[in-house]
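Chemist: Chains as they are written, first to last, in the working numbering: chain D, 1179 to 1466; chain V, 71 to 354.
These are computed hints drawn from the structure, not numbers from a lab.
As the structure is a computational prediction, the values presented were derived from the model and not from experiment.
Be aware that a few hints might be false.
As the list claims (entries may be wrong) - Straight-line distance between alpha carbons at most 30 Å, and here's what the computed DSBU-like set of lysine-lysine pairs gives: (1) Lys332/V / Lys312/V; (2) Lys1263/D / Lys1406/D; (3) Lys266/V / Lys1367/D; (4) Lys1263/D / Lys266/V; (5) Lys312/V / Lys266/V; (6) Lys332/V / Lys276/V; (7) Lys1232/D / Lys276/V; (8) Lys1232/D / Lys1406/D; (9) Lys266/V / Lys276/V.
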Amino acid sequence: MNLDHFGMDTITLAGPLEAKLAAVREARFTQIMLNATDIVGHPGGEAAAITAVKASGLRVTGFQVLRDFEGLEGRLHAYKVDVAKAMLEMCRALGSRVLLVCSSASPHASGDAERLVRDLRKLAMLAVPYDIRIAYEALSWGRHINEYPQAWEIVQRAERHNLGLALDSFHILATGTSLETLEELEPPKIFLVQLSDFLWQETRSPQDRMETARHSRVFPGEGVHSEKVIELARALDEMGYRGDYSFEVFNDDYRQLPLPVVCERARRSVKWITARVGRWSLPARRRA
Amino acid sequence: MSVKEELPEPSNPLGIDGLEFVEYATSQAQAFGALLQNMGFAAVARHRSREVMLYRQGPMNLIVNAHEAKSSMPTLSAFALRVRDAAYAHQHALELGAWDMPTRASAMELNIPGIHGVADTLIYFVDRYRDFSIYDVDFVPLAGTDARPSALAGLHWFGIVQSILGDRTADWLDFYQNLFGFSILPRGQYFGVLPKGTLLESPCHKFYLQLIEPPPGSEDIRWEEGLVRIGLGAPDIPAAVKALRQRAIVFVDRGAVQPSEKGALTQPYLGGVTFELVHSHLQP
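Just chain V, with the same shape it has in the complex (with noise of 0.2 Å):
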């Protein structure tokens, strides 16, 4: 590794270089990776003493965290970010003012560091991502599976879908600003069939965060701020929802949440969960 490497760049001190991988807490753990397969993902381990799962796609790591999952529709619970050096960009975020994940909340027994996100949800910082893997040590392979399994249509990470109190954009722009140095995109630069709220894009440029405030004339429904869902990155949306539909997927096609070139929505499933397609420029 060079020196110049080393060095954090000033628009992205912790040298994020995309996301490691996203996890999602549900005690259907079985009915929901029957959904991932069908959305393309295959098991490709399991935890060696808890109940979680490593499902993958292409460049995608999915964990499903069953050990003391509270609900039983599956919840977007945390997502890892690839750093330059874990321990450094973990102390950088605390000594900001990020609060400090509980000891042993973290899915795997890996000494992985994590900061609190929105609501109950975690934000971890992982460095061992090229030559070795954090799967390594704790997981244990699926016999006769394939470790890398290609990705479907092409699908990537492209970004989290992040639900926002109403007047609270302005908090959570600080928050990622500050902590990660992500960026906003101007207002108007929208990506998918979803074109609301706020789009801030990583320092690396891989992946995005989207922030929706409550709709006006909401004010009855019940908005929680949360991780809601993640879009995922395809070249050729019309070719990803056919091979997606082929698999049993459904997408919304009512209004003006219709697959077309920009994107698709998945139907909700086991009480919620929906996948967003995104026509993706960025290269996995």
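Here chain D stands alone, though its shape is the one from the complex (with noise of 0.2 Å):
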């Protein structure tokens, strides 16, 4: 585990998407994560939001976030999937080999496990020709899928190669969730990782973790469940994750932050996390 294995989000930062680019490159991150508004929302439009990100050299860890897709039925299904083919296009034009799907949190989405497969298997297939690996994350307040676990039942009923799993610290650690299902898990099924922590210790209502989610999360290192997020990234190490850790920390304060500062957090919640994931995975040290 070293530095190029992490990636920044834009969400983290303020700003104009060029500013993110070049603040993300200074601090010697290799990689960001981009949300489909800092495309969408570029003053010079999505051509010039994508010129500005293959300029900047930095891999794409993924894009996000397609929200509310899978369970739905009939115009409700079809408006869904106009929305997420301009996704993938926009994936694609990116660069971006992941898309971030969330689990629905939509009050008309079935929770009929059958929907959920058919659903995610026909996004599976949009996405195979553009060679798109579809990431599904239980979202803490998903209205059915809102534990790693259930997204996982569901990954694997689907069975598609391209369809795996987005973890995400927040949502595990706002649910109270096992990390004991993890061995569980296939390790190449696992598409991103996305780490935070929070400042608090518990969120008690969906409400409650929408609004901490979107608006109080901190880097890793920062919060108060640090043995819980080390306890993760040491498992997915030791079960042979190599794939790609993201900070998806929504920060209202860090947004009103010049963008080294935010940067320079950043890089030291890798520090931390490396320091102690890195000594953990060595093995112990025979005596003479």
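Both chains are sitting in their own frames, so use the hints and assemble them into the complex.
Modeler: Given below as structure tokens:
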């Protein structure tokens, strides 16, 4: 594990896309997670945003986020398929190989596993020609799928090579989900790991989780669940996960701080994690 | 038609019944046409309004599309599957997550439904191939030509070779298995002189797709996904090679790729187009 395994996420930083890309590069990160609003909200238009990303030399960790996709019927389903297609096209244009898909929070979504499987298979099929992998994440306020073991169950049932899991430490911490099921996951089916923490012990309601998730996350090492974040990273490392770690830190304060200050906090977080996970991964030293 | 024929078999949900045509795009339509004639194809019809020609040889239809062609090198741009019901096949594919083809992307002005295949290619669905054909309306037969030229040395469609990026075999298996019902042949079961990649058999057992990932050590080669070439089946490869050589077709005869009883590969023509001959058990 080293700096190259970690990426920042544009949602953590304020300002124009070019400034975010430059700050992340100057902090010597090599990858970045992009949000659709970075692209469509660019004053020069979508093409200018894509050019900026390519010119930055940063690898795109993934593209986010497709919401409330699965479990819908009729016109709602058709509408979401159109949204998904547009996002896949942007994802491809950016050179991102991962599209992040959050489990549905829609009150209109069915929880019938067959339907969820059917819809995620369809999304995975749409992604095949574009060489994009669908990373399905259990949102902690998801209507039916809100913990990673449930998302893993759906991914397994769908049986599509380009459909896997995104794990987000925030959601795991917020629902207090046990890490025991991690052992059942297949490392190649984990397409993305997002790390963050927060500053209070509990999020009691889905509303509480949503508020915290969207405004008050902090980098690993800055919050109050440090041990569990490290436990997660260690478990993933030991089970052989060698994919990307992205800092999914939504934080209103960080969005009003200078970019180098926030990037420096991200770098400190990388050091904090690698010092603990790296050391733990080494074989125990034999006594002479 | 009996009731039984109307019911799709579980292993062949679309009632796929072979390849109706393959389509090449090229801005060198005349030079490519001359090459096709050397390969045994004959021009049989011209599109009424576009620069599109229909070539035929035995059971094979081949379309050369120069209308808005981007590249001079003849490039495989589409293939058409014979299916029981084209509208059903199209809808079924869309419901499973295929991308609908862009409006007016069709070579012909016919209403042939289609979906996106690999890269910029299309996969069409054709159900009119028995009593009357899709070519009857928009193509004008060439005067003085045999509309049904016989095949040279029993040539027929054997398959299509598709290049794919590294670690993409499983993705494309998902695509062809789930959309169309193709099945994977056991590793080690190969045909022809280019034994590599992964072979998929059509649910009608009438043709194959070969998926080729970049070979090891080819990191510096620019490798893109696309349809690479067609494979032509023949019952007797040496006889087919001899017949084609007499028509000035040159075969690669170096290293492992030498004409043999198993198959043969032509040299690249017109910037890179090749044809593969494969010893075939298929009945055209």
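Chemist: Does each hint hold? Answer for all of them.
Modeler: Consistency of the hints with the structure:
Among the hinted pairs, Lys332/V with Lys312/V is consistent with the structure: their alpha-carbon atoms are about 14 Å apart, no more than 30 Å. For a cut-off of 30 Å, the pair hint linking Lys1263/D to Lys1406/D is broken: about 36 Å separates their Cα positions. Distance hint between Lys266/V and Lys1367/D is fulfilled; the C-alpha atoms sit about 27 Å from each other, no more than 30 Å. Pair hint Lys1263/D plus Lys266/V does not hold up; C-alpha atoms about 33 Å apart against a cutoff of 30 Å.
Restraint check for Lys312/V and Lys266/V: the C-alpha separation of about 25 Å stays at or below 30 Å, so the hint holds. Distance hint between Lys332/V and Lys276/V is fulfilled; the C-alpha atoms sit about 18 Å from each other, no more than 30 Å. Pair hint Lys1232/D plus Lys276/V does not hold up; C-alpha atoms about 44 Å apart against a cutoff of 30 Å. Simply put, Lys1232/D and Lys1406/D have alpha-carbon atoms about 36 Å apart, too far for the 30 Å limit, and the pair is violated.
At roughly 20 Å between alpha-carbon atoms, Lys266/V and Lys276/V fall within 30 Å of each other, so this suggested pair holds.
Going down the numbered hints, you'll see the structure goes against 2, 4, 7, 8, while the others check out.
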